[in-house]
Amino acid sequence: MKLIELRPDCEAYITSLRDVPVKMLEMGVLEGSKIKLLKASPLQQMLLLQLHGNRIALPQELAEKIEIEPLPDQDNLYCRKLKK
Amino acid sequence: MKNSYKLLLVGNSNVGKSTLFNILTGLHRQTSNYPGTTVAESTGYFKLPDGTGIQLIDLPGTETLYPHSMDEEVTRQEIMSYPGGYDGIIYVADVDSLKKNLLLLTQIIDLKIPVLLIINKADKMASKAIEIDTDGLEKYLGIPVFLFGKKPYDRKEELLKKIQEFVHLRKPPATAFFPSLRLMETFPELKKYHIRDYRDLVKLLTEKNIRESKEIIKKEIIRRYQLINRFFSRIYKRRPLKRKDITGLLDRVLLHPFWGYVVFFLIMFLLFQSVYQLAEYPMNYIDGLYHKLSLFLLDKLPANMFTDLIVNGLLSGIFGVLIFVPQIAFLFLFIILMEKTGYMSRVVYLTDRWMKPFGMSGKSLVPLISGTACAVPAILATRSIESRRERLITLLSIPFTTCSARLPVYTIIIALIIPEKTIWGLIGLKGLTLFLLYVLGFASALFAAWLLHQFIEKRSASHLIMLMPDYHLPSFREWIFDWLDKLRSFVFGAGKIIVAFSVILWFLGTHGWQNNQGEMKGVAYPVSLEKSYLGQFGRIIEPVFKPLGFDWKIDIAVLSSFAAREIFISTLATIYSVEDDQPEKIVDRLRKEKYADGRPVFDFATGIAILLFYAFALQCMSTLAVIKQETGDWKYALGAFVLMTGSAYVVSFIAYALLN
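In the order they appear, the protein sequences are chains A and B. Sequential numbering of the first sequence, starting at 1127, is according to the numbering used here. Sequential numbering of the second sequence, starting at 35, is according to the numbering used here.
Excised from the complex, chain A in its bound form (with noise of 0.2 Å):
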């Protein structure tokens, strides 16, 4: 699934990365990096992760192209749930 169909506060490994900025890269966002989200917000097309202990905005728009498997001990039901 993409990280723009995760929920907040689920967390989640990337599993890809489609074609990404550099500036994305060197903020730590890699395949195999665990994420959470912390805020998505439709209005202000933001998304707002915790990578290593760091909080990084990202636009929606680059969420999509994130690829993520949400982490098996949590509760898959909610996190899974597509937003649309």
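Once the Cα atoms are required to be at most 25 Å apart in a straight line, the calculated BS3-like pairs of lysine-lysine come out as:
no.: 1; chain 1: A; residue 1: 1191; chain 2: B; residue 2: 133
no.: 2; chain 1: A; residue 1: 1160; chain 2: B; residue 2: 253
no.: 3; chain 1: B; residue 1: 81; chain 2: B; residue 2: 36
no.: 4; chain 1: B; residue 1: 248; chain 2: A; residue 2: 1191
no.: 5; chain 1: B; residue 1: 162; chain 2: A; residue 2: 1162
no.: 6; chain 1: B; residue 1: 133; chain 2: A; residue 2: 1160
no.: 7; chain 1: A; residue 1: 1160; chain 2: B; residue 2: 162
Bear in mind the hints are in silico, worked out from the structure with no lab data behind them. All of these numbers come straight from a predicted model, not from anything done at the bench.
Fit chain B to the known structure of chain A by using the hints.
Just chain B, lined up with the frame of chain A:
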């Protein structure tokens, strides 16, 4: 052994480099809790315990050696000037984002530059449940490591000893992350470029425009993180936090899609109300002081031209600016608090989406808000915007925002034409007018940006990717120094021009071609104000500004303020002091000013025309010079001047015609 060394202070953005720079050098460089505060290098000096002198260069933050923006390019060029350019690097990392900070550090290590790692903000380790094995880190990186921060890590003496040890040895790093062999294994496509070492690779990717550069940079970053991951979990432990995360809790409100904006507008509204209402008390005090001082000097000094120059030339000009210091102080206080607490980054997050239709990003908002203090540092702050297009749009829109130099003009004119009333007993009408003028400035900036967005060619999409700092309560010492520094630069920066202008205007207002004797306050003058150089010139240009409702005295004040806006009030103060017998409040004096037919010179229509003229016109030489400097082309500076001043004339003309 040399007795002085040059060191660079390098690190990612917002890790506390400038704070460390201030601690070591004793200087007071501006610091904040927002990435991109330092946009140009600055130099300071300090001595080590054995007397060795250190020249320290504080550089803008950068994430890697591959720059995205102008300020990052400054840092890359400085780093690459080794050997020869400097003797070593003090690398600053943040305890919270150490892993990310190691990316640039490993690149510096591969350039074989002597480097000392200082892990800053170490005091946060306890509250964030972080443990760092510094000995292990020293072993893996092959460089010395030092923990520093607030209590109990405020070990300046030990830090100086560590730097002393480091500069005398200047040992290149013992390890290499990308030795030449690994370089070729990782990037086989580089064989055709005859790369010998990592320095060659950086030069190739940054100085030569090769097709594969983006992919090679991405590959290098991924590979470096893999190499860092191999040892990082062994030296860095972060246990889950037991207590509530304050930043997270505050973000729930301050980044909320509804409440976040409510709080933001409330803060802005409070700012302008306090600028007007709270500042009134110290302003009245300064005004009273001016009166007492003027009367005292007139009483004690002999009645001659020199006394008149002191009282009506210099004193009225200087106090014409000093009286607005309380208002500007409130404005700076809010801006500094927003920057230092980390709230400014939240403003960027909240506004990014809304800035897009205007060709800007959330990052543009910080320079735009800083522009309410002064356009010059705000234009320099655009250096941290990665996209050249967004940067150009932002820097050309900044002069529209209401800078502090417009504030004295607004205050006086509002006092003249807006009644002393409140709405619902709470909101002062004068404060509300001031707030609306700021909104107008901001709306004009957005409109200018939107126009530029339509005309400047778009080459590639840009995205806001930003590290959000933790909220932080600045110490009293921390913000008071920045606050005083900003105030000092306003008073002395504007003061120099104002003193010079006041003297020139006093001369031009008391001398002329005709030897017509006039007499004021018992002092003989060569000419009266009307027949002075100033008066004659005012009469010549009167037809130009007549359609805006300005008389010749206002014309002189408007023209002289093309050097700097704040001169408007000091010019009016000087003109009326030259003419008047008794020193009195400038507002009271202006209110009494009448045409021959008895109409007030400063009526509602003229007042609004003046306000609108100052809201739009580009009357600041420093802003023009800095636009030229940052764009490298006079056409942008001249274009901005013609368009802004032209639109100021048209808007004021329409307003006066409608209201008169």
